[in-house]
Amino acid sequence: MLVTLFACQAGRAQQSPASSDSSLTTSGSGGEPSGGSTEALQKATQNPVADLISVPLQNNSNFGIGSHDRTQDVLNVQPVIPAHLTQDWNLITRIIQPIVWQPDTNASSGGTFGLGDMNPTFFFSPAHPGRVIWGAGPAFVLPTATDSTLGQGKWSIGPSFVALTQPEHWTLGVLLSNVWSFAGSSDRASVNQMLFQYFINYNLSHGWYVTSSPIITANWAAKSAKDIWTVPFGGGVGRIMKLGDQPVNISAQVYANAIYPSGTSRWGLRLQVAFLFPK
Numbered sequence: 001m002l003v004t005l006f007a008c009q010a011g012r013a014q015q016s017p018a019s020s021d022s023s024l025t026t027s028g029s030g031g032e033p034s035g036g037s038t039e040a041l042q043k044a045t046q047n048p049v050a051d052l053i054s055v056p057l058q059n060n061s062n063f064g065i066g067s068h069d070r071t072q073d074v075l076n077v078q079p080v081i082p083a084h085l086t087q088d089w090n091l092i093t094r095i096i097q098p099i100v101w102q103p104d105t106n107a108s109s110g111g112t113f114g115l116g117d118m119n120p121t122f123f124f125s126p127a128h129p130g131r132v133i134w135g136a137g138p139a140f141v142l143p144t145a146t147d148s149t150l151g152q153g154k155w156s157i158g159p160s161f162v163a164l165t166q167p168e169h170w171t172l173g174v175l176l177s178n179v180w181s182f183a184g185s186s187d188r189a190s191v192n193q194m195l196f197q198y199f200i201n202y203n204l205s206h207g208w209y210v211t212s213s214p215i216i217t218a219n220w221a222a223k224s225a226k227d228i229w230t231v232p233f234g235g236g237v238g239r240i241m242k243l244g245d246q247p248v249n250i251s252a253q254v255y256a257n258a259i260y261p262s263g264t265s266r267w268g269l270r271l272q273v274a275f276l277f278p279k
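Residues in the sequence shown are numbered from 1 upward in steps of one, following the numbering used here.
A few of these clues could be false.
Stated by the list, open to error - The following label-pair restraints were derived from C-beta to C-beta distances: (1) Met241 <-> Ala221: 39 to 45 Å; (2) Ala183 <-> Pro126: 31 to 37 Å; (3) Lys279 <-> Asp88: 14 to 20 Å.
Hints were generated in silico from the structure; no laboratory data involved.
Glycine residues also receive a C-beta, built at the ideal position from the N, C-alpha and C atoms.
Work out the full structure: start from the sequences and follow the hints.
Now the structure itself:
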């Protein structure tokens with residue numbers, strides 16, 4: 001349900017090259033989902049530091065870009081791999097590899113297709129949390145883009161922190177991260193970008209849930225103050241279900257940008273299917 005774009009957020013990256021979004025596709029509880037039940041999987045998929053292996057495929061279509069109203073499309077492949085470091089600590093590895101269609105915003109047709117910048121994040125999280133579940137660790141952006149229009153050409157690093165609570169049918173949480181470039185192509189702009197994401201989920205019966213998880217970004221390196229912030233609002237619905245014997249999490253969300261840099265997307269559609277592998 002949560003997503004992930006630093007420096008060129010998937011869905012808002014039209015004036016600068018696209019890169020992976022460091023927001024989260026969440027995968028409830030602080031520990032293992034018990035027996036793979038629907039209720040446990042609802043909670044686990046809404047917890048970014050859950051002890052649950054998952055492979056989300058998240059597609060972000062971003063509309064109304066530039067004077068020709070072009071559409072950008074970013075498919076994020078986002079495997080989540082938990083590991084037990086000790087009896088008390090887990091390491092949650094989240095990798096986001098975007099596959100990007102970046103339209104030529106100066107023309108009514110044409111564009112570039114390929115890989116964007118990879119975004120791995122590593123969360124150290126208590127294996128037995130209390131009422132507040134949390135994780136913290138480093139986030140990276142690696143210059144893996146296959147074309148200069150699809151990435152930043154920089155190596156970036158910074159801290160990432162997530163905290164949430166899951167009372168009854170609710171999941172309420174926040175994610176905060178900031179990355180700075182430290183190496184890369186000298187002819188590419190420096191990176192300094194914050195990402196803030198709040199996520200609100202309410203679980204219904206039969207695996208259904210409603211969700212809102214907008215990704216708010218601040219590009220501190222923007223040349224103009226009016227191009228710093230991207231502030232969306234919106235939400236959608238999802239369901240935990242099975243395809244044969246395979247548990248999956250499917251969701252659809254729509255977001256409009258109340259504030260956005262000039263020439264970027266005004267609104268977007270987020271579709272996701274996540275393959276879940278409970279123990």
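To see whether the hints hold, each was checked on the structure:
no.	hint	in the structure
1	Met241 <-> Ala221: 39 to 45 Å	holds, 42 Å
2	Ala183 <-> Pro126: 31 to 37 Å	holds, 33 Å
3	Lys279 <-> Asp88: 14 to 20 Å	holds, 18 Å
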